[in-house]
Structure formats: structure tokens, C-alpha cells
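**Q** Respectively, the protein sequence lines represent chains A and B. Going by my numbering, the final residue of the first sequence carries number 160, and the count climbs one at a time with no gaps. Going by my numbering, the final residue of the second sequence carries number 160, and the count climbs one at a time with no gaps.
Hints were generated in silico from the structure; no laboratory data involved. Just so you know, not all the hints are guaranteed correct.
Identical copies look the same in the list; a pair holds intra-copy or inter-copy alike.
Listed below are the simulated DMTMM-like cross-link pairs for lysine to aspartate or glutamate, each with C-alpha atoms no more than 25 Å apart in a straight line [claimed, not checked]:
| id | residue 1 | residue 2 |
| --- | --- | --- |
| 1 | Lys65 | Asp89 |
| 2 | Lys65 | Asp143 |
| 3 | Lys65 | Asp98 |
| 4 | Lys147 | Glu113 |
| 5 | Lys65 | Asp101 |
| 6 | Lys121 | Glu151 |
| 7 | Lys121 | Asp98 |
| 8 | Lys147 | Glu112 |
| 9 | Lys121 | Asp101 |
| 10 | Lys65 | Glu151 |
| 11 | Lys121 | Asp89 |
This structure is a prediction, so every number in the text was calculated from the model and none was measured.
Protein chains: 2
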Amino acid sequence: MTHPALKLNDTVHQRVRLGILAVLGEAERADFSYLRGALDLSDGNLSRHLQVLEEAGLVQIEKGFEGRRGRTWVSATARGRAALDEELKALNELIARVNGGG
Amino acid sequence: MTHPALKLNDTVHQRVRLGILAVLGEAERADFSYLRGALDLSDGNLSRHLQVLEEAGLVQIEKGFEGRRGRTWVSATARGRAALDEELKALNELIARVNGGG
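One chain only, chain A, in its complex shape (with noise of 0.2 Å):
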């Protein structure tokens, strides 16, 4: 039997990059500053996060304007949900296993 370990892909479970997905998960899409906030991260942490994301195809950046004011849109692209789904698919049989139900 694999163990659910096996199945989490750390790209997608590192901590910082699990919480951006999982905030991507809850809204359509979260600008850059909101998810600073959220995750009480760096500019520079969370712009290197964003950028293995993007790189790995699980969010889409796009910049923007509102009023004057410069935004950074984020939101997960349809692969960025499926490998969010297939992480907490993983983690739920893994939390099951030490709850002595798998």
C-alpha cells in the first residue's frame, strides 16, 4: 500500500505555496497585496513563491489597473485546482492513516 507521503508533490505542499493555493481555492482571484496580508509574507517571499507557481503552470499573473493604482492579480490556473484537489486528496487519506482509519 502507498503510503500517502508518496502522493504530495512539493512543489505544491511547501508551506508558503499550499497557503497561496489554498487562498486561490477559496476566491476567484486574490491581488498581491492580499495575499501578503493573509500569509504575513515578504514581497520577496511571496514574489518567489508566485514565481515557481507560475513557472509550474498553477497560477496566472496578470497586472492591472484600478483607478490609478497598480494591481497584481493572481488566480489558479484549471491545472493550479487539480494539483490543490490531488494535495488535500493526499493530505485527507494521510490525516485518515494516524487516525487509524485508513
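On the provided structure of chain A, position chain B as indicated by the hints.
**A** Only chain B this time, still in chain A's reference frame:
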């Protein structure tokens, strides 16, 4: 409201270490080669992560013999079990939020 991702702790959350603590959460103790097989790790990778967990006081490592065969037993400490509990609680919260329950 604090996002549950902020409650995740890299020492415990990292994929391999979460796997180790999860296996130890299912069993009293496990030997090195069982962990290596269950989590599909190399000797070096497993050793490295066990060292991080041992230095954090989350696992205890004992060397012994079974007949003439050397065995390395690994078990979670009370602190390790508590840390795994915290992690799984935070993950459950995160899953519930993504699923619209939080």
C-alpha cells in the same frame, strides 16, 4: 482571521518529515529500513530528515540488535506527537476553508 497556513511549521510540514511523523503516528516505533521502504527514500535522504527531526526533539533514535542484525529504531517523542497533532489540525482547517466550510 488567521489563515491556517500560518500555523504550519516547516520542520513538521516538509513532505518527507511529515511522512516520517505520520508513519510513526500509526506505529509505536519503526525501524530505519521500514521507513525507507514505506516512504520510498534513499538512506541519505531519510538520515538527513531524521537528523532534523531528532535535533528538534521530535523523534528519538535507538540502535539495537535483533539476533546478530543491527537495527535502528525510530519513535516519535511526546513533543513529536503533539507537533504532528498541531500540523494535522491546521491542515484540516485549511482543507475545510478551501471546501467552503471555514
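**Q** Could you run down the list of hints and mark each one as holding or not?
**A** Hint-by-hint comparison with the structure:
no.	hint	verdict
1	Lys65 to Asp89	between (30 Å within a copy, 22 Å between copies)
2	Lys65 to Asp143	both (12 Å within a copy, 20 Å between copies)
3	Lys65 to Asp98	between (28 Å within a copy, 11 Å between copies)
4	Lys147 to Glu113	within (23 Å within a copy, 30 Å between copies)
5	Lys65 to Asp101	between (30 Å within a copy, 20 Å between copies)
6	Lys121 to Glu151	neither (38 Å within a copy, 31 Å between copies)
7	Lys121 to Asp98	within (21 Å within a copy, 42 Å between copies)
8	Lys147 to Glu112	within (22 Å within a copy, 29 Å between copies)
9	Lys121 to Asp101	within (16 Å within a copy, 46 Å between copies)
10	Lys65 to Glu151	both (10 Å within a copy, 20 Å between copies)
11	Lys121 to Asp89	within (9 Å within a copy, 52 Å between copies)
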